[in-house]
Amino acid sequence: MIEIVAATKSYGAAKALCGVDLTIGAGEAFGLLGPNGAGKSTLVRLLATLSRPDGGHLRVGGHDTVRAASRVKRLLGVVFQENNLDRDLSARQNLLFHAGLYGLGRAADRVAAMIGRLGLSGAADRPVGQLSGGQRRRLVIGRALLPEPRVLLLDEPTTGLDPAVRRELWDLIRHIRDGGCTIVLTTHYVEEAEALCGRIGIIRQGRMAALGTPDELVARFGGPRLEDVVVRLGAGGGA
Amino acid sequence: MSLLDGAGPIFRREMLLFRIKLARPTFVLSTMVTPLFYMVVFGLGLGRQVRMADGSYLSFLVPGLMGMAAMHNAFAWVASGINIARFYHRTWQVVMLAPLSPVAVTAGTVAAGMVRGLVAALLVGVAGAVAGWRPSPTLVLPATLLLETALFAAFGMVVGIKTKGAEESSTYTNFLITPMGFFCGTFFPLSNLPPWLAAPMHLLPLTHANIALRESGLSLLALTSLAVLALFTVLLCGWACHAVAGYRE
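Chains V and B supply the protein sequences, listed in that same order. Counted the way this note's numbering counts, the first sequence spans residues 1 to 239. Counted the way this note's numbering counts, the second sequence spans residues 1 to 249.
Simulated from the structure, these hints should not be mistaken for lab results. Accuracy of the hints is not assured; some may be wrong.
What the hints assert, rightly or not - Facing chain B, from chain V, some residues (calculated, C-beta under 10 Å):
| hint | residue |
| --- | --- |
| 1 | Arg74 |
| 2 | Asp86 |
| 3 | His98 |
| 4 | Ala99 |
| 5 | Gly105 |
| 6 | Arg106 |
| 7 | Asp109 |
| 8 | Leu169 |
| 9 | Arg207 |
| 10 | Met208 |
| 11 | Leu211 |
| 12 | Gly212 |
Stated by the list, open to error - Okay, the calculated bits of chain V under chain B, using three or more residues with CB under 8 Å as the criterion:
| hint | region |
| --- | --- |
| 13 | 58 to 67 |
| 14 | 178 to 192 |
Each residue gets a CB set at the ideal place from its N, CA and C atoms; glycine is no exception.
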């Protein structure tokens with residue numbers, strides 16, 4: 001479903017990605033871990049077509065993210081770290097706007113169903129500015145799911161949320177994963193990647209430092225826990 | 001999929017936000033305050049001492065103030081709206097991530113900027129009518145305002161997308177939009193300027209908007225200015241489409 005070959009990206013003199021190769025299968029939940037500035041968000045932006053690679057190529061569903069950006073956008077749902085919602089509009093109005101952008105039929109019905117699925121029925125017509133942090137986060141994820149994407153990119157979706165809300169979002173993400181949607185999740189929380197992802201990549205200074213299932217990574221790099229492996233590799237250590 | 005698919009939702013969303021703003025009493029006041037100051041100071045104050053060849057100074061000033069308000073509001077609504085959406089609310093990403101054509105994004109955004117500019121011009125026109133100004137019953141005035149708001153909304157899109165923040169965006173307001181308001185015939189005829197300054201002013205769109213807004217019928221002068229405004233509109237909408245197509249973060 002996702003193929004990344006020798007992807008490079010620089011911002012001025014700073015190299016954000018230095019030749020990343022990665023393949024993610026359809027229906028897979030893939031976690032991307034690494035310290036701040038490692039290149040996780042850059043990779044998500046490249047996949048989301050918001051940014052162009054300097055070298056290499058990225059394909060989603062067989063479509064190149066530069067040459068066929070519009071086709072790629074049809075396959076994607078993207079959730080960034082920020083709650084990028086219109087705060088003066090209600091949850092329902094935000095979802096209806098999104099349905100309109102994607103030309104979805106029976107938009108009002110779809111939106112009503114999504115509001116129910118997100119548990120926002122009681123707050124659907126309140127301005128987003130009046131919703132709690134957890135409600136906004138659920139709304140952002142629900143909005144990305146509205147066009148029924150085949151790939152969901154989640155860029156640090158639970159950063160800054162309290163543990164109870166984070167667990168609540170994990171249930172939602174698990175539900176999406178179990179529905180067959182391909183998920184790419186970047187996170188700082190190792191337990192989050194372990195709980196939600198079958199395979200994990202650890203990125204450091206723009207390079208993929210390690211790739212495998214949590215058990216494989218622990219075994220290969222001598223654990224004892226995945227968090228220890230992530231910290232060691234993130235700091236520049238090896239096997 | 002049509003080139004314009006998605007333009008409607010963008011426009012409707014902007015109108016929802018505009019309606020919310022309109023309901024706030026401070027909005028109408030802040031839109032009106034600068035043109036009203038100009039009308040009182042230049043029109044009712046200094047204007048009593050000014051004699052125009054073809055009527056009162058107020059009948060010269062009000063169409064100019066309508067043109068200026070239309071320009072300022074169409075430009076600022078779009079430019080600052082996109083800036084805020086890009087750097088503060090991050091909602092511009094939502095539009096850029098949707099599978100829309102650049103034409104649809106431009107059409108929806110420009111149409112919303114036009115409404116904002118037209119409402120501002122209408123408010124100034126109503127204030128002018130209260131002060132004694134009587135508009136000519138002709139389609140030249142609305143046609144001019146439509147083209148003027150479209151071209152400045154499109155320019156606002158370019159500035160909103162290309163600039164790297166509110167500070168850079170305000171540079172365009174301070175060094176281009178505001179000077180146009182003063183030197184393109186809003187407050188006095190261009191013939192009062194020295195020729196070396198008047199000549200380049202004829203290259204700017206607000207000059208042609210002001211010329212057409214003051215014409216009482218579909219004269220050759222009005223048609224020429226409308227044609228210039230139409231050309232600016234096409235060029236700037238094309239530039240805005242190009243800016244959307246090339247948008248990257």
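Structure-based check of all given hints:
Hint on arginine 74 of chain V holds. Least Cβ distance to chain B is approximately 5 Å, under the 10 Å limit. Here the hint on aspartate 86 of chain V is kept, as its CB sits about 6 Å from the closest CB of chain B, short of 10 Å. Because the closest C-beta pair between histidine 98 of chain V and chain B is about 7 Å apart, less than 10 Å, the hint holds. With its C-beta approaching chain B no nearer than about 8 Å, alanine 99 of chain V sits inside the 10 Å limit, and its interface hint holds.
Given hint, glycine 105 of chain V at the interface with chain B, is violated; its Cβ is 13 Å from that chain's nearest Cβ, farther than 10 Å. Because the closest C-beta pair between arginine 106 of chain V and chain B is about 15 Å apart, greater than 10 Å, the hint is violated. With a cut of 10 Å, the hint placing aspartate 109 of chain V at the interface with chain B is violated, because the nearest CB-to-CB distance is about 17 Å. A distance limit of 10 Å between C-beta atoms decides the matter here; for leucine 169 of chain V the minimum to chain B is near 19 Å, and the interface restraint is violated.
With its C-beta approaching chain B no nearer than about 22 Å, arginine 207 of chain V sits outside the 10 Å limit, and its interface hint is violated. Violation of the interface hint for methionine 208 of chain V is found here, the shortest Cβ-Cβ separation to chain B being roughly 22 Å, above the 10 Å cut-off. At a threshold of 10 Å, the smallest CB-CB gap from leucine 211 of chain V to chain B is about 26 Å, leaving the interface hint violated. Because the closest C-beta pair between glycine 212 of chain V and chain B is about 30 Å apart, greater than 10 Å, the hint is violated.
Residues of the region 58 to 67 of chain V lying with their CB closer than 8 Å to a CB of chain B number 0, which falls below the three-residue condition for coverage. Residues of the region 178 to 192 of chain V lying with their CB closer than 8 Å to a CB of chain B number 0, which falls below the three-residue condition for coverage.
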